[in-house]
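These protein sequence lines are chains A and B, in that order. So for the first sequence, the working numbering puts the first residue at 128; every next one is plus one. So for the second sequence, the working numbering puts the first residue at 128; every next one is plus one.
Any given hint could turn out to be false.
Which copy is meant is left open, because identical chains are indistinguishable; a pair holds if it fits in one copy or across any two.
Claimed, not checked - In silico lysine to aspartate or glutamate, DMTMM-like type, Cα no more than 20 Å apart, as pairs: (1) K323 to E608; (2) K344 to E419; (3) K344 to D550; (4) K323 to D587; (5) K222 to D552; (6) K187 to D223; (7) K504 to D617; (8) K415 to D164; (9) K431 to E463; (10) K396 to D604; (11) K345 to E258; (12) K224 to D587; (13) K345 to E401; (14) K345 to D493; (15) K344 to D554; (16) K187 to E549.
To be clear, the hints were calculated from the coordinates, so they are not data collected in a lab.
There are 2 protein chains.
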Amino acid sequence: MTRAVAGDAADPKHSRAQLVDFRVEPASYRHWRLSVDGPVATLCMDVDEHGGLSDRYELKLNSYDLGVDIELYDATQRLRFEHPQVRTVILTSAKDKVFCAGANIRMLATAAHEAKVNFCKFTNETRNGMEDASANSGQAYIAAVNGTASGGGYELALACEHIMLIDDRSSAVSLPELPLLGVLPGTGGLTRLVDKRHVRRDVADYVCTRSDGITGKKAVAWRLVDEAVPRAQWAQAVADRAAALAERSTRAPIENGEPGIQLTPLGKKRAGSEIEYSYVHARLDRAKGAAEITVQGPRAPVPKTIETAHDQGAGFWPLAVTRELDDLILDLRTNEPALGTWLLRTSGDGQEVLRYDQLLLDNASDWLANEIVHYLKRTLKRLDVTSRSLIALIEPGSCFTGSLLELALAADRTYQLAGLFEDSDPDTASATVTLAGMNLGALRMGNGLTRLQTRFLGDDSALEAATATTGQALEADSAEELGLITFAPDDIDWAEEIRMALEERASFSPDALTGMEANFRFAGPETMETKIFGRLTAWQNWIFNRPNAAGPAGALTRFGTGQRADFDFTRV
Amino acid sequence: MTRAVAGDAADPKHSRAQLVDFRVEPASYRHWRLSVDGPVATLCMDVDEHGGLSDRYELKLNSYDLGVDIELYDATQRLRFEHPQVRTVILTSAKDKVFCAGANIRMLATAAHEAKVNFCKFTNETRNGMEDASANSGQAYIAAVNGTASGGGYELALACEHIMLIDDRSSAVSLPELPLLGVLPGTGGLTRLVDKRHVRRDVADYVCTRSDGITGKKAVAWRLVDEAVPRAQWAQAVADRAAALAERSTRAPIENGEPGIQLTPLGKKRAGSEIEYSYVHARLDRAKGAAEITVQGPRAPVPKTIETAHDQGAGFWPLAVTRELDDLILDLRTNEPALGTWLLRTSGDGQEVLRYDQLLLDNASDWLANEIVHYLKRTLKRLDVTSRSLIALIEPGSCFTGSLLELALAADRTYQLAGLFEDSDPDTASATVTLAGMNLGALRMGNGLTRLQTRFLGDDSALEAATATTGQALEADSAEELGLITFAPDDIDWAEEIRMALEERASFSPDALTGMEANFRFAGPETMETKIFGRLTAWQNWIFNRPNAAGPAGALTRFGTGQRADFDFTRV
């Protein structure tokens, strides 16, 4: 099997001039303005038409590309860490009569398939993160829809807890992807209509086949928005609603004037085949189609109190390592689509990891501890929906304990060395894994279960047996017997087994691997989130890949050309 | 938009010499032998290599195509109706050392995309039906795997309640689709491994990346099968297990010697643009891309007792109409893929429908009544996963009551005429819909909810208000207010609204419609069944449509040619 990688050069539709960088900060935002007034923040969308990641398109009418969404993601993160006093976020537009026109169509029409899918994944994660802020941080998002919200623009509003629509006969919400582009509203819109807002399925069908929007009172009656407000009362109504939601917020009171944690610029070196942060390192093996990722445990002993953690700010190990892992995942997904396997290693003192975990768990009511745990949870969730094979390697010197053990539990397979490497230092201890409090509920997957529960779905006795070992460092044989790892080769077989597993993975159809992994990673119950990433995404991927949308005569390709699409009407 | 329908002629891969007929009977089976011995039936697979639906392929090693599965489906139906005394079904193979090699690969490789997807849908429905027989009819399926079960062969076993594997070092189970063909096990295999058999996700990952199979004790240890039995004890062990499961069966005792209901040949005329049965009729409007389906209510008054229904046998209206609807759905799906919209009408006396419903509900412990209701349930479920737009038209003279109201509740949209048509007989009554007992639990969707619960998901007061009208004939305005229908045009608007809805539907991308409908039809909870049809199917469709599988250098295309696949290794 030849390793034919269709890179950027091979695909004329996919010329990426440079690597996408996810590290931005408010001072350099081109598309958003973030302002904070006591408990109420305003996130104002004002997309720079000429600020797209590519010059293939102009970002008219507050349409967005990945670059716009990277800033939105950054803002949602800073709101949680830098502005702990904020309890309501008003999401609105600075454009006249336009809230947001959704994902830029020309961008979608000209992007490679993998770029489209990756873009949708990230935008979905950001919108899920907004809902997570409402649910777990008492930061409620209000969509103040002060103009037309179409497609992804309305989907952005759907991710907010409360949707207000200006009632002026022209401002409307719509999901016109199907009639206009021959694709689906791919950012959770279909799922959120019926499962979150409980729009009746036949009403949803009607709404999603209209190319025009629904205005004012009808939008309220159909549950598409929560309230329609005349222009004259708009500013006051939005302010009142924001104040009311702030009042209702479950966010722990922040001492007046207590500063948040500054998310200082992330130190990162990316050169050749290395990506290096402070605690996270990746070696990119393009020949093998793999990325070797190592996550380091803490270098300093755990602070005695959570206050010291506050003082350490972005340098506090759990926050630092999560930010780095988050950035690495996004970087590799976006910039290295041909690295199909990620090897996950850890390195450091597992006991120290557990002490940091415990500090966070013991201070669950502290806003910063709460934010860090939820941030780690969201970052691990990114792994669960990453279309790469994840293989954890548990070797001597590793620290797969507590929060870092989740990396192994998120992997498709785990290998733990039985015994030691022959040439190792005689003082080295064998590789172990240790379950701890952090594995028992704080870091739930999108399906609402812990990774441990998902692993032992339907096998309660295995789950209990594993859980009973909490706190014990388990060598390979015990971990294998308990079902916590997949394989426990010894020194003689280790290198060969890993080599073969990697080569084998690299020889398989990447599409089939993605489909298989997406099905196995989420056994058990489904939630709105797993539906969005599982069912809706899969359908959208299929549609994106069909000639009726993306072919030369497809609706997405022909949009705006004046030519209508030529469909093959065969139903599949 | 030109209506470019890629029919058979346009696609050289898809030459269908004649229409597929789903009406078969045991005497003419080419691939299966059904024998019954008291409470134990044996369904023996013995595929005729030269009996495929097409001569493009030979059905070696008990591999199957749609024709083989049509016989299997027929057998499962006859077991429930014609053999009420059967409590265990042994599914086994007549071939030496081969249980079943799964779907024929050459068939898959040469089939059109829509044919592959339609084939998988039907095979999934048949396997779900086997599980339904275990759950609701006390007919447990035992897979007596007396040779190699690979791919769809093992998936067939996975749909059984109990899997026995002959322990002879060569008989093995495997899901080698990913390594060999670059596609997924598409008949529920991935979902059933983790969600039904609770195989650990990393073990499942390993199993599904192996091209060879898992034998004997290891297959038991990994939960892939329930028991491994040496060849010497095989026949006795299978017989013992069958007897034990029959003993355990919840099937109501059948009086010794009571005959089942003969599923007599279905009267059907199919000519030109008409398909006609006794109670079901379809007009195929190829120009408009629509099928107009009319389901007729009973012509005879309801029998006084369920015994009379037994005497009427296959002529008993609820059974007759269900069989006809079932056959029509399968026919249209398979033979008319370009008819993208199905218009659903009913005609007859709605009160009589309710009386038939009530007879069935009042005799829930009668085996035949039970079978008919579950058969109707399964047939309506077919509608839920049919990739066609479903529009119900509720007009004067219709009988959308109880069981037939489910047709409207299954539709993507419903139109009910307000008032009468201007030129109608003055004695005509307005169109009504009537909720009844049959809508409240007996005919649940794959998501475990009634269609009414799904419709009003998250809106309990609307659900209660609707349910409170049980038994009342609701005219259009009431039905609209209650949310039971979508639109209530009057005579002046009716024809134009329907025409526009149809034309609009016919102008949209059929792929986007399929994706949208698949997402809206199943709001709320997910089950193994919705996962199989929602998530797994969507991923498989995507993979089937990717060059890595189905392109000229794809794995599915090149299988068996000696040439390896050329993959684009970009991860999507």
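Exercise. Would you list, in rising numerical order, the hints stated earlier that this structure does not obey?
Key: 1, 2, 3, 5, 7, 8, 9, 10, 11, 12, 13, 14, 15 and 16
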